[in-house]
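K.L.:
Chain A is fixed; fit chain B onto it per the hints.
Protein sequence lines, in the order shown, are assigned to chains A and B. Residue numbers for the first sequence follow this note's numbering, beginning at 401 and rising by one. Residue numbers for the second sequence follow this note's numbering, beginning at 401 and rising by one.
Calculated directly from the structure, the hints in this document are not laboratory data. Mixed in with the good hints, there may be bad ones.
Said to hold, decoys possible - These stretches of chain A come out as covered by chain B in the derived footprint (C-beta under 8 Å, 3 or more residues):
#, region
1, 503 to 514
2, 548 to 560
3, 617 to 631
4, 636 to 648
Just so you know, even glycine gets a beta-carbon here, dropped at the ideal spot from N, CA and C.
Number of protein chains: 2
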Amino acid sequence: MFDLTGKHVCYVADCGGIALETSKVLMTKNIAKLAILQSTENPQAIAQLQAIKPSTQIFFWTYDVTMAREEMKKYFDEVMVQMDYIDVLINGATLCDENDIDATIHTNLTGMMNTVATVLPYMDRKMGGSGGLIVNVTSVIGLDPSPVFCAYSASKFGVIGFTRSLADPLYYSQNGVAVMAVCCGPTRVFVDRELKAFLEYGQSFADRLRHAPCQSTAICGQNIVNAIERSENGRIWIADKGGLELVKLHWYWHMADQFVNYMQSNDEEEHD
Amino acid sequence: MFDLTGKHVCYVADCGGIALETSKVLMTKNIAKLAILQSTENPQAIAQLQAIKPSTQIFFWTYDVTMAREEMKKYFDEVMVQMDYIDVLINGATLCDENDIDATIHTNLTGMMNTVATVLPYMDRKMGGSGGLIVNVTSVIGLDPSPVFCAYSASKFGVIGFTRSLADPLYYSQNGVAVMAVCCGPTRVFVDRELKAFLEYGQSFADRLRHAPCQSTAICGQNIVNAIERSENGRIWIADKGGLELVKLHWYWHMADQFVNYMQSNDEEEHD
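If we strip away everything but chain A, and leave its shape as in the complex, we get (with noise of 0.2 Å):
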């Protein structure tokens, strides 16, 4: 079980509903402070998440995630400042236009892992930090494939790839960063804008999206904590249909036993 209760807490944070949703609940877990670092501003969400814990501290910053690292830097070191430390980073942008593929991966994939690479850093526990947890929101598309949203989808099993392979031991073990991910099923907020498919050829089952039934932002909002909350370095969790659920994660490439071996050799010289 991870406590939040006075943890200092930095969202990157989408501007549909879930990153609002999410927070509200973070509010009412007696955190610390709550960065909220997103682009464009909205002071009347902060207002009304901090008439939820007038305590918590809560911070507001827009922000570019697609940003050269140089840049990232500058501002975290600003970020950092108010923060002093951060025990959980969590990314939430998103942007799914099919039109653009640029950018839907460079916010989905390319700017959460330079932000992850810059604020790592501060929370390794080798480098000074006091290590923490990273937590990427992410889609059910980014396990299983989407007939429309092709983009989108190779942008989100990219940080479920990202995400793996930052969990593994090797890391963990000594930066003291858990690394995990939450893939929501579709919300009403995500189904209710006017999405394009990736050819022509699937925009009428996107257009017939539009009026899916899907699960509430608010209660997908409640899961992403519920999964922070019960975080282990490494978990995947699906919080779709209102509940959440663990995956059980599948491994596809079988080693030849000659490779494992050499790599589970202890002398790293031998072969030099």
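P.N.:
Positioned in the frame of chain A, the structure of chain B alone reads:
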């Protein structure tokens, strides 16, 4: 069985050994035209290929897979002047640079997707093309995570998500373009380079990889062509340990019955 005889093949090639070895095998298949699009010139390799089969027309163009979509469109308009049409598009450009997340994702994922989106209309049966085959040459690290190459793994997971999404019958049944991927296991040429881990903690693992026993690039190339000849839309193969294995694809997400029923309903206007 996909017969390569007389085909027009366009290969977006890597600068390592896999594309060259695969091309050597393609040259024995009596193809009509082979276009090699690669970031650097290699006239020696072209001469070597031409010697295998003098009657196959080989074209070479330098290609930057990270160019903007508008440039790519103009580029392929020029390619088509020589190629007339493309039956098979092979995407093999690849980069593994954990210090440069942007370049790794752009080369392996965004650039590949932009190339596919640019070339698809020429192949599309409903747009005057003759259908065909898109082959993504990728890595086993796109199926399973990697403790050392987090960015590379993310990009390759993305390739699998894109391949599986675009292989949906919704598209294939209309455009006649099959999509497949071959995930290569480690080859000598890959591990012989100096490779950086995503975080310093993984570096000793990355260093040890350099001497690990791996399959030969030539046999891997042979198996890529075997996979192409045994292609069916949506197939994902593993070419490792000198062999070729069809991947049994795993599905994680169980859609709500209500959602499935709704999307399968023929009456698209019902809720309008």
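K.L.:
Work down the list of hints and note, for each, if the structure agrees.
P.N.:
Here is how each hint holds up against the structure:
1. Figure legend: the region 503 to 514 of chain A, annotated as covered by chain B; annotation consistent (6 residues with Cβ-Cβ distances under 8 Å, at least 3 required).
2. Only residues whose C-beta sits within less than 8 Å of a C-beta in chain B count toward coverage, and the region 548 to 560 of chain A has 12 of them, enough to reach three; the restraint holds.
3. For the region 617 to 631 of chain A, the stated coverage by chain B is not satisfied: 0 residues place a CB nearer than 8 Å to a CB of that chain, which falls below the threshold of 3.
4. With 4 residues having a Cβ less than 8 Å from any Cβ of chain B, the region 636 to 648 of chain A passes the three-residue criterion, so the hint holds.
Hint compliance for this structure: hint 3 is the single one not met.
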